[in-house]
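A.B. asks: Counting in the numbering used here, the sequence shown runs from 13 upward without gaps.
Derived from the structure by calculation, the hints contain no laboratory data. All figures in this text were calculated on a predicted structure; none of them were measured in a lab. Careful: at least some of the hints might be erroneous.
Cross-link-like lysine-lysine pairs, in silico, DSS-like; alpha carbons within 30 Å at most [as the list claims (entries may be wrong)]:
1. K30 to K64
2. K63 to K21
3. K72 to K21
4. K63 to K30
5. K64 to K21
6. K72 to K30
7. K63 to K20
8. K64 to K20
9. K72 to K20
10. K30 to K20
Quick list of the computed label-pair ranges, beta carbon to beta carbon [said to hold, decoys possible]:
11. I86 to T29: 21 to 29 Å
12. L34 to L90: 21 to 29 Å
13. V88 to L15: 19 to 27 Å
14. R18 to V93: 49 to 57 Å
15. I92 to K20: 43 to 51 Å
16. W98 to K20: 50 to 58 Å
17. I95 to F54: 27 to 35 Å
18. F54 to F83: 50 to 58 Å
19. V93 to T29: 32 to 40 Å
20. K20 to I86: 15 to 23 Å
21. R18 to I96: 53 to 61 Å
Note that beta-carbon positions come from the ideal geometry of N, C-alpha and C, so glycine has one too.
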Amino acid sequence: MDLEERNKKERSNASLTKEEWLTFLFSPFYSTNRIGLDTNTFNETEEERFKKFGFHQKYKEAQQARSYGCFLYIFVFLLIVIIINW
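With the hints as constraints, model all of the structure from the sequences given.
C.D. replies: So this is what it looks like as structure tokens:
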């Protein structure tokens, strides 16, 4: 196996770093602000990069972290509603 194939395999199996994972967790939504500027370009750009360069594991973990982030915000919202109505 040559160096290029080995690097391609390692790249395919690389995991997200803690910082990347937390970024996808705490900003899971794609949104734009009032003037039409994209406020979440990092996640979008990173996911495109993962697809383009073959980071299959990172892409899968990013999708998973975004899902957990959505559940986190739903949970926090419901918790606030329950506390207010108590």
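A.B. asks: Look at each hint and say if it fits the structure.
C.D. replies: Against the structure, the hints come out as follows:
no. : hint                   : result
1   : K30 to K64             : holds, 21 Å
2   : K63 to K21             : holds, 14 Å
3   : K72 to K21             : holds, 16 Å
4   : K63 to K30             : holds, 19 Å
5   : K64 to K21             : holds, 14 Å
6   : K72 to K30             : holds, 15 Å
7   : K63 to K20             : holds, 13 Å
8   : K64 to K20             : holds, 12 Å
9   : K72 to K20             : holds, 17 Å
10  : K30 to K20             : holds, 22 Å
11  : I86 to T29: 21 to 29 Å : holds, 26 Å
12  : L34 to L90: 21 to 29 Å : holds, 22 Å
13  : V88 to L15: 19 to 27 Å : violated, 47 Å
14  : R18 to V93: 49 to 57 Å : holds, 52 Å
15  : I92 to K20: 43 to 51 Å : holds, 46 Å
16  : W98 to K20: 50 to 58 Å : holds, 55 Å
17  : I95 to F54: 27 to 35 Å : holds, 32 Å
18  : F54 to F83: 50 to 58 Å : violated, 21 Å
19  : V93 to T29: 32 to 40 Å : holds, 34 Å
20  : K20 to I86: 15 to 23 Å : violated, 38 Å
21  : R18 to I96: 53 to 61 Å : holds, 56 Å
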